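S.K.: Spelled out from the first residue to the last, the chains are:
Protein chains: 2
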Amino acid sequence: MSEFLKVVTVEEALHLMALALPTRDRERIALSNGLGRELAEAVHSPEPIPSFTRSTVDGYAVRAEDTFGCSESLPAFLSYRGEIPMGKTPELIIDPGQCCWIPTGGMMPTGTDAAVMVEYTERLGDDTVLIYKAVGPGDNLMQIGEDAAQGSILLAENHCLRSQDLGLLASAGVEEVNVKHPYRVGIISTGNEIVALGTDPQPGQVRDVNSISLAAAVQAANAIAKTYPIVPDDRDMLSEAVSAACEENDWVLMSGGSSIGVKDMTLEVLMSFPQAQLLFHGVAAKPGKPTMAVKIGSKLVVGLPGHPVSALTMFGVICKPFLDAKLPQRLTATAGANIASQAGRDDYVAVYLEEREGDWIAQPLLGKSGLMTILAQADGYIHIDHQQQGIYCGETVLVTRFD
Amino acid sequence: MSEFLKVVTVEEALHLMALALPTRDRERIALSNGLGRELAEAVHSPEPIPSFTRSTVDGYAVRAEDTFGCSESLPAFLSYRGEIPMGKTPELIIDPGQCCWIPTGGMMPTGTDAAVMVEYTERLGDDTVLIYKAVGPGDNLMQIGEDAAQGSILLAENHCLRSQDLGLLASAGVEEVNVKHPYRVGIISTGNEIVALGTDPQPGQVRDVNSISLAAAVQAANAIAKTYPIVPDDRDMLSEAVSAACEENDWVLMSGGSSIGVKDMTLEVLMSFPQAQLLFHGVAAKPGKPTMAVKIGSKLVVGLPGHPVSALTMFGVICKPFLDAKLPQRLTATAGANIASQAGRDDYVAVYLEEREGDWIAQPLLGKSGLMTILAQADGYIHIDHQQQGIYCGETVLVTRFD
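Protein chains in written order, with this note's numbering: chain A, 179 to 581; chain B, 179 to 581.
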């Protein structure tokens, strides 16, 4: 092995990579292009959510004091003033002793301060509504800004935008966001025996596998892959190829050359660049011992094993965590609270995840049903089967993440 | 509720959906566009893999019988005939008592039938090589077609192409594949109170959230989303919108109208189409009770709840499994065998997953290091920390899936 030998553990390799990450440009994009992108800055709510006081139930808008003391055996009698239309400012003004029909999401009319669910009411002819349950001021309403105050942080810097985050931003009227440019990743396969797909290999030659599988893995990690022509084991050609790929990309992945001597050639070529800085040469991992990383100026060059499974695995271990801000899709966690469930139906409880001593704790989100910020707080949901009565705090649960 | 009422469990809903799935076109695409696509037919290997007999080690190509009986104390003396170059047909012919240097992946020269690892050899001057370990015929070789025979099935119909699958196909010289066309999914938000993003909502109005979040969720599920203008709660306009969306898509997702009466209107409009067939109206699940599905001709229309978190969750439960053939990224499984690991290094063991009584069993893939088919067999890998000595059969492990 060469004079550069610097073998590290995977943990050390990840630490060294984290310190050497290329800087990223930012760009402004429309919300509809935001899936999987990372925020370059926190997004503040340009307006309060909701922007008007809304009912969270189908029922009657009332003055709460008109219902005080009423019960099933002693209903309150209110005079019916009509219906609040969806999507319009109500023209009705409700005086003491009056009420009007309001649908879920409807805007509360002047004079009212609570809503009564339809289940606790009865229409009596055209003019009268009986109220069987008292409500307090604010009951069954979502007040202006209760979900998110104007100017509050909706999503933090570095947050990776999922479908529900885009929904939250849309609800606040955010139409464009500043995001980090995806990493540009150049991919170079090396080796005298490697020929490009589309070329008939002669005896002794094999087709290039790593260019296509690494490009797909890079793409799946929300980064931009660019593949370069195959380079034979030749110092000058290798040097030219690395130079061109560093020019056009943030990262360069090289793979190939598992035979003795060739890996050393790659490293020597990389270290011959004026601003080259060796991060590591050799990782104490299987597969992937010959993995190396060199920083050249602001660019990061990673030498992966030539064998395709090893190359993909080490890409997943060493590179992917830095390219892709997404967490895995489904994971096991520990329930952070008792969660009740009704037998006979399947329940899907939105949860957020906390990391505690290396474990994921799934905490149920039990906000009001109209809250929009739950969109961003929810990391996913847990499924309680229709045969289960609920989940006890401390039980292991499977969390399905939102995209 | 209407005369159509047909409440089902989630399990029944999934079963009814599975029977009503729209048919899918197929298309032929280049391998480089294959990530996440589903194969419309099995792919057979057009040639044997490998296409020539290769060494799997760096060392010496020999006639095995020349090494019989040799040992560390009694080495065999072979005359050195030179080096096999990578990527070329060897011109050397090896006679009894001779050997030549061969790199990993090099093509075995005529006359040889085994390779000896360099660690068990010693060069003595220019002409002689000492062999300290006997090898049998075929040792340290990958024979023609040993990885995959010509005509054998590389990937089955319906398989969802991951990065490693694309690598496998590239290695076999497959340049294009027949895949299913992604589902086209139309998205319609309904409601008098809903206004499009980019419009200033008046008091009582709210911005459309579901169009953007469902479109992103559809996109994340490898399907093609098309959003349509918002439709107010009007029978004729709803009918026109559904008709247009059914024309241009395989699926139509409708969301909105959580207030009493509006859901019934949606269902009545859907059932008024000549070929309408009700799958279910109401699902015994929380959230998502008002979820409904109607088949109209060959198209599938799903009515989702209006509330964004409920809409996304029910989309994930009811629709996503049919749109997206991908399995989740990371999952817990039970080790199907003892897996040894050397302390002091991190091991990443490629595994395939078997489902057994509802559990995932992770079986280690212990093939020869040069096998290409492992690319497709491996569902992912398990990580054995450098402080662990290995994993016992039956232990719980975390499997990180390849993309």
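Source of the hints: derived by calculation from the structure; they are not laboratory data. Being a predicted model, the structure only gives us computed values, none of them experimental. Just so you know, not all the hints are guaranteed correct.
The list cannot tell twin chains apart, which means a pair is met if one copy fits it or any two copies do.
Said to hold, decoys possible - Calculated pairs, DSSO-like style, for lysine-lysine (alpha carbon to alpha carbon, straight line, at most 30 Å):
(1) K358 to K311
(2) K266 to K358
(3) K498 to K358
(4) K184 to K498
S.K.: Would you mind marking each hint as holding or not holding in the structure?
M.R.: Consistency of the hints with the structure:
{"no.": "1", "hint": "K358 to K311", "result": "neither (53 Å within a copy, 56 Å between copies)"}
{"no.": "2", "hint": "K266 to K358", "result": "neither (39 Å within a copy, 45 Å between copies)"}
{"no.": "3", "hint": "K498 to K358", "result": "both (16 Å within a copy, 28 Å between copies)"}
{"no.": "4", "hint": "K184 to K498", "result": "within (22 Å within a copy, 46 Å between copies)"}
Against the hints set out earlier in the document, violations occur for numbers 1, 2.
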